[in-house]
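A.B. asks: Here's the letter readout for the chains.
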Amino acid sequence: MSETAATPPPVLSIRDLKTYFVTGAGTARAVDGVSLDLRPGETLGIVGESGSGKTVTSLSILRLIPEPPGHIMPGSLIEFEGRNLLTLSPAELRAVRGNQIAMVFQEPMSSLNPVFTVGDQIAEVARVHLGLSKPEAWIRAVDMLNQVGVPDADARAYEYPHQLSGGTCQRVMIAMALMCRPKILIADEPTTALDVTVQAQILELLEKTQADMGMAVMLITHDLGIVAGAADRVVVMYAGQVVETSATRDLFAAPLHPYTAGLLASVPRLESGRGVLKGIPGSVPPATDWPPGCRFHPRCPHAWDRCRTEEPPLLSGPRPGQSARCWLVQEPARRKPPAP
Amino acid sequence: MSALVQVDGLVKHYRGSRGWLGLKPSAPVRAVDGVSFSIDAGKTLALVGETGSGKTTVGRTLLRLVEPTEGRFTFDGLDVFRLSSGPLRALRRSMQVIFQDPSGSLNPRMTVGDAIAEPLIIHRLAARPERPARVAELLGEVGLDPSFAPRYPHELSGGQRQRVGIARALAVRPRFLICDEPVTALDVSVQAQVLTLLRDLQRTHGLTYLFIAHDLAVVRHVADDVAVMYAGQIVERGPTDRIYSSPRHPYTRALLSAVPVPDPDAPRSRIVLSGDVPSPTHPPSGCRFHPRCPHPLKDSRCASEIPGLEDFGGEQWAACHFGGKPM
Numbered sequence: 000m001s002e003t004a005a006t007p008p009p010v011l012s013i014r015d016l017k018t019y020f021v022t023g024a025g026t027a028r029a030v031d032g033v034s035l036d037l038r039p040g041e042t043l044g045i046v047g048e049s050g051s052g053k054t055v056t057s058l059s060i061l062r063l064i065p066e067p068p069g070h071i072m073p074g075s076l077i078e079f080e081g082r083n084l085l086t087l088s089p090a091e092l093r094a095v096r097g098n099q100i101a102m103v104f105q106e107p108m109s110s111l112n113p114v115f116t117v118g119d120q121i122a123e124v125a126r127v128h129l130g131l132s133k134p135e136a137w138i139r140a141v142d143m144l145n146q147v148g149v150p151d152a153d154a155r156a157y158e159y160p161h162q163l164s165g166g167t168c169q170r171v172m173i174a175m176a177l178m179c180r181p182k183i184l185i186a187d188e189p190t191t192a193l194d195v196t197v198q199a200q201i202l203e204l205l206e207k208t209q210a211d212m213g214m215a216v217m218l219i220t221h222d223l224g225i226v227a228g229a230a231d232r233v234v235v236m237y238a239g240q241v242v243e244t245s246a247t248r249d250l251f252a253a254p255l256h257p258y259t260a261g262l263l264a265s266v267p268r269l270e271s272g273r274g275v276l277k278g279i280p281g282s283v284p285p286a287t288d289w290p291p292g293c294r295f296h297p298r299c300p301h302a303w304d305r306c307r308t309e310e311p312p313l314l315s316g317p318r319p320g321q322s323a324r325c326w327l328v329q330e331p332a333r334r335k336p337p338a339p
Numbered sequence: 000m001s002a003l004v005q006v007d008g009l010v011k012h013y014r015g016s017r018g019w020l021g022l023k024p025s026a027p028v029r030a031v032d033g034v035s036f037s038i039d040a041g042k043t044l045a046l047v048g049e050t051g052s053g054k055t056t057v058g059r060t061l062l063r064l065v066e067p068t069e070g071r072f073t074f075d076g077l078d079v080f081r082l083s084s085g086p087l088r089a090l091r092r093s094m095q096v097i098f099q100d101p102s103g104s105l106n107p108r109m110t111v112g113d114a115i116a117e118p119l120i121i122h123r124l125a126a127r128p129e130r131p132a133r134v135a136e137l138l139g140e141v142g143l144d145p146s147f148a149p150r151y152p153h154e155l156s157g158g159q160r161q162r163v164g165i166a167r168a169l170a171v172r173p174r175f176l177i178c179d180e181p182v183t184a185l186d187v188s189v190q191a192q193v194l195t196l197l198r199d200l201q202r203t204h205g206l207t208y209l210f211i212a213h214d215l216a217v218v219r220h221v222a223d224d225v226a227v228m229y230a231g232q233i234v235e236r237g238p239t240d241r242i243y244s245s246p247r248h249p250y251t252r253a254l255l256s257a258v259p260v261p262d263p264d265a266p267r268s269r270i271v272l273s274g275d276v277p278s279p280t281h282p283p284s285g286c287r288f289h290p291r292c293p294h295p296l297k298d299s300r301c302a303s304e305i306p307g308l309e310d311f312g313g314e315q316w317a318a319c320h321f322g323g324k325p326m
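So the sequence lines, in the order shown, correspond to chains R and X.
With numbering that gives the first Met the number 0 applied, the first sequence corresponds to residues 0 to 339, in that order.
With numbering that gives the first Met the number 0 applied, the second sequence corresponds to residues 0 to 326, in that order.
Warning: the hint list may mix true and false statements.
Claimed, not checked - Derived coverage of chain R by chain X (criterion: at least 3 residues anywhere in the stretch with Cβ under 8 Å from a Cβ of chain X; other residues may be distant):
id : segment
1  : 75-82
2  : 131-137
3  : 188-201
4  : 222-234
Unchecked claim - So, partial list: chain X residues that the calculated Cβ filter (under 10 Å) puts toward chain R:
id : residue
5  : A148
6  : V221
7  : D275
Calculated from the structure, these hints are not laboratory results.
The model shown is predicted, which means the values in this text are computed figures rather than measured ones.
Backbone N, C-alpha and C fix where the C-beta goes; we use that ideal spot for every residue, glycine too.
Full structure from sequences and hints, please.
C.D. replies: Following this line, the structure appears as structure tokens:
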């Protein structure tokens with residue numbers, strides 16, 4: 000990739016990450032050679048449909064993959080502050096997890112423990128990671144609830160998850176994640192289970208806290224609208240691989256990979272009237288049986304012989320920091336004009 | 000053109016919980032509280048709203064999957080809520096439903112072909128020898144190869160399962176389809192395929208749709224008219240273009256502004272509402288939206304006086320005391 004000298008070193012580097020699952024139907028290569036960098040202070044959007052491997056990538060970073068059936072293959076590297084997270088001892092890993100790298104998940108209701116008050120659950124983070132006493136930790140928990148915009152935090156801290164709405168539960172999850180002022184926040188579909196007006200509240204909150212704390216955010220989502228509004232750069236995943244990396248503006252203005260272009264054409268938009276949406280024909284193949292050559296070729300409108308046999312590497316595109324796993328980057332003349 | 004579907008004053012209250020030993024007085028859960036709309040034959044009305052707005056309950060009461068508390072529903076001149084079980088069963092051939100989760104609505108032990116043939120058997124629409132041909136025909140209509148008939152739901156992708164759900168609904172040749180979040184569980188590239196299929200089927204079969212959804216961008220692509228629900232009531236309704244270009248109700252405005260736009264250069268003027276959807280057991284007094292309303296002119300009247308649906312011209316109606324004033 001063409002990196003300019005001014006680019007600061009990444010806070011997190013993933014190189015050739017392979018996470019496989021052994022299943023009855025064969026080995027599922029859920030994440031198959033993913034490399035990406037997260038730079039300090041940026042929001043990196045990771046976009047893909049179900050089965051693309053985006054969630055398994057994020058879970059692999061903190062080694063939250065159940066083993067077995069999951070296996071992070073030898074040769075994979077996840078570098079954070081000069082260390083490979085994949086070789087840390089469980090104790091060393093615990094010092095990083097939740098402390099320097101924190102995570103927010105999709106289902107806030109099921110991520111919280113139903114039998115403890117939310118105040119207890121937030122305070123636990125302060126006791127474990129910051130070594131605070133019980134009363135100190137409780138004060139910090141209420142303080143965090145205030146910071147993430149939960150009204151009447153003193154009283155709410157005594158409530159159980161089932162007494163709170165989905166949006167408030169997600170605020171509680173964010174309060175827990177931010178307790179230790181992490182360097183990296185991984186947000187995996189943080190608003191997918193929420194209504195659109197609540198989603199707007201949570202996105203606003205994430206934006207504000209990132210500006211306050213200066214952390215890097217890895218925002219995993221299937222929603223290109225969220226990426227357009229929140230991310231500085233975007234990584235598009237398909238079939239366990241990164242198929243395109245680009246600055247957000249370039250990705251939306253001139254997508255290189257036909258899959259990215261197809262996704263953009265599929266998104267229903269408010270401003271356009273009743274009309275034809277162009278989907279991508281077919282569906283994502285099973286992870287146990289990726290197609291040979293380019294994994295997108297059976298669904299690609301441009302595919303030719305080379306795509307069926309030869310797997311393209313990530314090739315640098317015309318704009319800085321832009322690359323795509325597609326032979327069209329080398330042979331742009333083969334790109335067909337869009338169908339009318 | 001006369002309306003095929005006419006709903007007037009639909010109410011569905013569920014009995015509230017009485018608490019431990021039945022000592023607490025029960026307050027009814029007001030899931031749907033006075034909803035009226037009509038749909039012309041061959042058209043699509045989208046019912047939009049967030050979780051708890053009552054949109055799904057409306058769909059279920061129309062099908063009489065749950066019995067309404069009050070109100071009237073006329074379908075092609077028939078008073079549906081007063082039909083006894085015999086005529087109701089006959090009417091159900093004309094009204095079908097497509098659910099959100101295609102994996103949850105198909106029997107995992109039934110092949111695709113059997114699932115599609117089931118309504119044909121129940122309604123005695125095809126004799127045994129004719130069934131395979133009819134199943135193949137229905138599969139073709141939803142864009143699936145006849146070779147899918149012997150397969151089981153778990154062998155299919157989400158989009159293929161939803162196509163089977165549609166084929167099943169079409170099997171009885173209905174006139175009215177209630178689509179309850181039909182593409183919510185699908186990936187965006189597949190979602191576009193299914194929306195296109197629904198539109199094509201509407202054209203070829205002259206179907207009428209009640210499209211229940213929370214995604215306003217999706218609704219924009221399918222609906223002729225839109226009704227926005229909040230806390231069990233319709234707060235605004237009208238032709239799709241008018242609702243999207245000049246919404247009158249502050250809730251509609253906030254909903255539209257909150258939809259993420261897939262364009263990094265789009266101007267962002269998100270109206271962020273505070274708080275959550277109100278409890279359906281104790282809805283706020285006056286306008287149910289008033290505690291969250293961002294309208295600058297909001298006053299004491301909003302908390303005391305229930306706003307009625309007011310005509311804003313061009314078939315657009317909104318229930319707001321200040322719907323005529325800019326925000």
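A.B. asks: So, for every hint listed, does it hold in this structure?
C.D. replies: Outcome of the hint check:
Counting residues of the segment 75-82 of chain R whose CB lies closer than 8 Å to any CB of chain X gives 0, so the stated coverage by that chain is violated, three being the minimum. A count of 0 residues in the segment 131-137 of chain R with a Cβ less than 8 Å from any Cβ of chain X is obtained; the coverage claim is therefore unmet, three being the minimum. Counting residues of the segment 188-201 of chain R whose beta-carbon sits less than 8 Å from any beta-carbon of chain X gives 7, enough to reach three: the coverage restraint holds. Three residues within the 8 Å Cβ limit are the bar, and the segment 222-234 of chain R against chain X gives 7, so the coverage statement holds.
Given hint, X:A148 at the interface with chain R, is violated; its Cβ is 19 Å from that chain's nearest Cβ, farther than 10 Å. Against a cut-off of 10 Å between C-beta atoms, the interface hint on X:V221 holds, since the closest Cβ of chain R lies about 7 Å away. Given hint, X:D275 at the interface with chain R, holds; its Cβ is 4 Å from that chain's nearest Cβ, closer than 10 Å.
Checked against the numbered hints given earlier, this structure breaks hints 1, 2 and 5; the rest are met.
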